[in-house]
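Participant: These are the residues of each chain, in order.
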Amino acid sequence: MKSLSRLGAIVKKEVLQLSRDRLTFGMVFGLPIIQILLFGYAINTDVRNLRTAVANQAGTHLSQQFVSELRESQIVRIVDSVESPEALESLLRRGKVSIGVLIPSDFDRRVVDRNRAAVQILVDGSDPTILSVANRLRTMPIAFDSAPAEERRHDQIEIRPFYNPERRTPVNIVPGLMGIILMMTMMLFTAVAIVRERERGNLELLINTPVSSAELMIGKVIPYIGIGLFQLAVILTFGQVLFDVPIRGSVLDLYIAGSAFIAANLALGLLISTVTHTQFQAMQVTVFILMPSILLSGFMFPFDGMPVVAQYIGEVLPTTHFIRLTRGIMLREAPIGELGRDFYYLVAFTVVVMTLAAKRFTKRLD
Amino acid sequence: MPSQYAIEARGLSKHFGDLRAVSDLDLDVPRGQIYGFLGPNGSGKSTTIRMLCGLLTPTFGTADVLGTKIPGNANLLKPKIGYMTQKFSLFSDLTVHENLKFISEIYSYPASDRKRRIDELLENYDLIAQRKQMAGTMSGGQKQRLALACAVLHHPELLLLDEPTSAVDPQSRRDFWANLFRLAESGTTIMVSTHYMDEAERCHRLAILDRGVKVADGTPQELQAATGMHIVEVIADDPYAAQAAVNGKPEIASVTQLGVRLRVLIPERYENPIEIVNNALASENVSGDTQLATPTLEDVFVAVTMFPEEKGR
Chain S
163 MKSLSRLGAI VKKEVLQLSR DRLTFGMVFG LPIIQILLFG YAINTDVRNL RTAVANQAGT
223 HLSQQFVSEL RESQIVRIVD SVESPEALES LLRRGKVSIG VLIPSDFDRR VVDRNRAAVQ
283 ILVDGSDPTI LSVANRLRTM PIAFDSAPAE ERRHDQIEIR PFYNPERRTP VNIVPGLMGI
343 ILMMTMMLFT AVAIVRERER GNLELLINTP VSSAELMIGK VIPYIGIGLF QLAVILTFGQ
403 VLFDVPIRGS VLDLYIAGSA FIAANLALGL LISTVTHTQF QAMQVTVFIL MPSILLSGFM
463 FPFDGMPVVA QYIGEVLPTT HFIRLTRGIM LREAPIGELG RDFYYLVAFT VVVMTLAAKR
523 FTKRLD
Chain L
101 MPSQYAIEAR GLSKHFGDLR AVSDLDLDVP RGQIYGFLGP NGSGKSTTIR MLCGLLTPTF
161 GTADVLGTKI PGNANLLKPK IGYMTQKFSL FSDLTVHENL KFISEIYSYP ASDRKRRIDE
221 LLENYDLIAQ RKQMAGTMSG GQKQRLALAC AVLHHPELLL LDEPTSAVDP QSRRDFWANL
281 FRLAESGTTI MVSTHYMDEA ERCHRLAILD RGVKVADGTP QELQAATGMH IVEVIADDPY
341 AAQAAVNGKP EIASVTQLGV RLRVLIPERY ENPIEIVNNA LASENVSGDT QLATPTLEDV
401 FVAVTMFPEE KGR
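Sequence lines, in order, name chains S and L.
So for the first sequence, the numbering used here puts the first residue at 163; every next one is plus one.
So for the second sequence, the numbering used here puts the first residue at 101; every next one is plus one.
Bound-form chain L, shown alone (with noise of 0.2 Å):
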């Protein structure tokens, strides 16, 4: 009977020198769903993905992936993970249809398909008309299918994406998650890191990373519930006079402008932010209409990562 968790980590850590990229992650990636890992650059997202895979060793902590202990023997894992790199690492001096052969032939994909599972990939991923081309020539949208096409040629447990959305347009990025959609209902796990606030929102899970520490995980819905914030909308005239007129009260914990709107978080141990804001503008003699807002996942990620102590009090 296996787990129900595709990924289990326990105090997974990882030191390079005196840098902690990794401190101490427990996670628990369920098997067939979409799992987040969100943080800034530098936070221990591929440092923990490429652990995970078995190609950084741990410094301290263990992992479970697909019933394979990390550290341990990565080799039986790699026929069961698909794994994408931030970077393009197919070959750019073969076609798309060579690049695809190839993988299918070191994953030693059943001779006999072959042929027709890389047809289906082409038509799946909208590489027919670049089946020829070099793939170094693509654009970065089609440079990303042809990656997601290769790392799931072997039909993979599990997907390990490190940033797959980096370098694309926000139509790619969209055709991009309509295709991981399809890749989980099919019963595939996968794991994908990104720093956009959008795509995370979009998992079924996710975990926020800063400088190598877990500090929030959950669903979205769970995360935006307990931030542990008050969100107060300021529409302003002069949102600089506005941010100016809040900023740095003892009572707010943070100021976003979005355009003329400003988002302000207030600990939720205050009892009235409202009040807390438009007494602020008043002081300055600014003007503003004010309002609560359900949080969005920014605000979660503001909130976890500069306030972690005001989370769930």
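Just chain S, same shape as in the assembly (with noise of 0.2 Å):
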């Protein structure tokens, strides 16, 4: 009876402190609504509205017809109409599209030659779901309307995947998975450095000192940028020697990248840091922002498949635009420069979310 007793003061004393920390509260009701919401969103196998472009280079009747077509698969959503191949390769290699469909001036011809191909549709490989979509379009019929439904064909869309054409994933995970370690690391490295010495008191003694907010705060994530570049060293090194995965970009570009998405994190992570109060709120709120980052930057699900709002979501998401810009520059072969706009949003997101974190970092314990 007496054990029964101390049990349930023990029960009881953690139900109290627990219902006093408001995150962690929270967490207990926040974090399985939106682990549900997340993943019953963003797992959709069934990938729908690939980003498409379309080089018509026919322009007959019977191409239009068939682009019409294609729309109205749903498969593709036609965000681009161009005039070149080469145009077409370039727009797959910024990652603007996944999806490339070539219409040659012969178009008409073609589709009644049973030796030759109509159409050839260019694939982004690199991920393996958006392939194995693009081959459900091979079997499109084309014929013109007087073609008897003997003739009609099957066979006369040629598929090329670029990039990754042994489809094999670690090719597409490696790139992703570097976000995904970085991004966990940092974060959680620089909100925990931080509040731990607003735990240890050692912050009370800092603020007593003339050191200003701004050197406490970029001397404190320095050594952690260090770190995460060799990080990145690891990642790639072991990417490359046991899994083989390319980097047919340059690894200038690439580090590039990495030092701002990793810029990125520290911020994050210093901006957690001024709004918890102990290491273990710290975590708690890391695994928040880690959960949508794996689900919902395309790291684990092509972003296309997503619906909008989770898009919305996942383009706030820094780690959503660092995997756009390995992948881009380890897989396709993109310089940096064309994948400009991932890069100027992880620099604006870490001018934006440092400037933050500095304003609630004061000097003062009031």
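Honestly, the hints are just simulated from the structure, not real lab data.
One should not assume that every hint holds.
Derived DSS-like pairs (lysine-lysine); straight-line CA-CA distance at most 30 Å [unchecked claim]:
id : chain 1 : residue 1 : chain 2 : residue 2
1  : L       : 180       : L       : 215
2  : L       : 180       : S       : 525
3  : S       : 525       : L       : 187
4  : S       : 175       : L       : 187
5  : S       : 382       : L       : 180
6  : L       : 201       : L       : 187
7  : L       : 187       : S       : 521
8  : L       : 169       : S       : 525
9  : L       : 232       : S       : 382
10 : S       : 521       : L       : 169
11 : L       : 201       : S       : 382
12 : S       : 382       : S       : 521
13 : S       : 382       : L       : 215
14 : L       : 201       : S       : 525
15 : L       : 215       : L       : 232
16 : L       : 180       : L       : 169
17 : S       : 521       : L       : 180
18 : S       : 382       : L       : 187
Each of the two chains sits in its own frame; use the hints to bring them together as a complex.
Facilitator: The following block contains the structure:
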């Protein structure tokens, strides 16, 4: 009986403390709801609306009819229309589209020629999911209305996978994994490093010295930039040695992108450290940001397959942009200049979040 | 011409929600003296010290600390003050020497003189043997010496010490105070909060704080002279019975037992304190010797915190 009362005392005390830690309490309700929403929306293997560009060099009635049938299939969403195959490849390399449809000028003649494919579909094959979806287009029939039914063929579309012709998963996963690993460590390290000093009382000493907020914050994150770049090297080496993941683009570009991403996460870590009071809370908030970064960044599921709301959330996360950068540089040999939008987003994100963090961090206790 | 006061505060107040941690505090701390801040836990000592070094913004009131206005740009003040927190706040996972070196760099202490200054501090604060020890593994007294060494490294004009001796043994406390006197002699102004009476007695001047209000200030002698109370000491064979006999009498303000002795506080407006106590003892048939005693700071503390209206009648 005594044991039971002691047990009860522990349980009551624990519940009481839990109910007073508002952040933990929020997590108890918030995490399952957010997780179920994220998983429910993001995990969609029936990918549709792949961003597509069309180069219609034929411009005939039949070719236009084919394009509108493509559109009606809902597998693709035509976002751009260009003149040449080179323009299609450029869009693919820059990550603007996942699929390029090339309709050659002799399209009408090819349709009746049994030996030649009428249409070429260029696919960013770095993501095997996208490739398998694109393969469903292969069997679309193309024929003149006048052609008899028995002459309608299903082999007139040629699929040309780019960047990952062997369809190996690590080729797609490793560049993304770099983002996830860097984010997790960088964000957590900085958040905990500052919160720990607050917990131990070091911060009260520090803020009573002439050291400025900026010196304190920048000084705290500089060592972690080094650690982040080192991590980047480790992942790249292992990816190449163990999984034969190529680095087709420039290593320097990769490091430039990596530095921007590391800075973004360190800024985020600093911001977390200004809103949490214990290391435990800092870890909870990190997990809270980590979840959508894994699920909504395009790391696990193709971005195109997610509903619009999930895509908006994904666009906010730095990991989404970094993964686009790494896949672009490593797999599609894109120079960082062609991926400018994602790079500048990371820079802007860092500036905004860093400003917020510095504003919240005052050298006062009230 | 700098003011003769290191700290001049007027109407300093700090409210946390409904809690008035410090109310309408006036302070004048002369330069080069040790100024004590005496009060029980929660009386607003730490809050006041934190306001004076710019860590907390006063709800009302102002202060002038070494010529810097509070509230104002506290950054101007930081190089001139040394601050010792109540809790040990140096880096547990750095050695004694590494901690001192870090502090010297943070305060931009001249690099050419750094080594000499650190060696001097290690010597003065008896930390030579601990030089390479992790700060976290040291005893309470050693930690406190390191904290003081770090607080004075940059030769601050003003030292703010928040209950510096609450975690150390009596010998360490004595040594600590010897260090404070040495610093005061060399011109450093020291403001130290404490709840130990014997420490308060060593200060040049002190203020007594009770629930955020200053209830008395002056030199220890002035305070002892102005309690507004007679102190009657009773030595009784049965101190419990004696206490029961005097307790509750309308003339008697307070009774404190110290072993076999009782200290009885009677407001000065009664002219015959010995008689009052003797009568009280006689009425209960308790025997005991009574004599008048001089007030200690503890008596002052009881008098001003419990019966402020009797003071200086």
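Participant: Give a verdict on every hint.
Facilitator: Structure-based check of all given hints:
Restraint check: the Cα-Cα separation between residue 180 of chain L and residue 215 of chain L comes to about 21 Å, which is no more than 30 Å; the hinted pair holds. For the given pair, residue 180 of chain L sits about 16 Å from residue 525 of chain S by alpha-carbon distance, which is consistent with the 30 Å threshold. With a C-alpha separation of about 18 Å, the suggested pairing of residue 525 of chain S with residue 187 of chain L holds against the 30 Å cut-off. Restraint check for residue 175 of chain S and residue 187 of chain L: satisfied, since their Cα atoms lie roughly 26 Å apart, inside the 30 Å limit.
Restraint check for residue 382 of chain S and residue 180 of chain L: the C-alpha separation of about 25 Å stays at or below 30 Å, so the hint holds. Annotation: proposed proximity of residue 201 of chain L to residue 187 of chain L holds, straight-line Cα distance about 21 Å (limit 30 Å). For the hint pairing residue 187 of chain L with residue 521 of chain S, the CA-to-CA distance comes to about 27 Å; that is within 30 Å, so the pair holds. At most 30 Å may separate the alpha-carbon atoms for a hinted pair to count; residue 169 of chain L and residue 525 of chain S meet this at roughly 17 Å.
Only pairs whose Cα atoms come within 30 Å are accepted, and residue 232 of chain L paired with residue 382 of chain S is accepted, the gap being roughly 24 Å. Taken as a hint, the residue 521 of chain S and residue 169 of chain L pair is honoured in the structure, with Cα atoms around 23 Å apart against an allowance of 30 Å. For the hint linking residue 201 of chain L to residue 382 of chain S, the alpha-carbon distance of about 17 Å falls within 30 Å, and the restraint holds. The straight-line distance between the Cα atoms of residue 382 of chain S and residue 521 of chain S is roughly 16 Å, inside the 30 Å bound, and the hint therefore holds.
Proposed proximity of residue 382 of chain S and residue 215 of chain L is supported: the alpha carbons are some 25 Å apart, at most 30 Å. For a cut-off of 30 Å, the pair hint linking residue 201 of chain L to residue 525 of chain S stands: about 22 Å separates their Cα positions. Between residue 215 of chain L and residue 232 of chain L the alpha-carbon distance is near 15 Å, which keeps this suggested pair within the 30 Å criterion. Between residue 180 of chain L and residue 169 of chain L the alpha-carbon distance is near 14 Å, which keeps this suggested pair within the 30 Å criterion.
At roughly 26 Å between alpha-carbon atoms, residue 521 of chain S and residue 180 of chain L fall within 30 Å of each other, so this suggested pair holds. Proximity of residue 382 of chain S to residue 187 of chain L is assessed by CA-CA distance (about 23 Å); at most 30 Å being required, the pair is judged to hold.
Hint violations for this structure: none, all hints satisfied.
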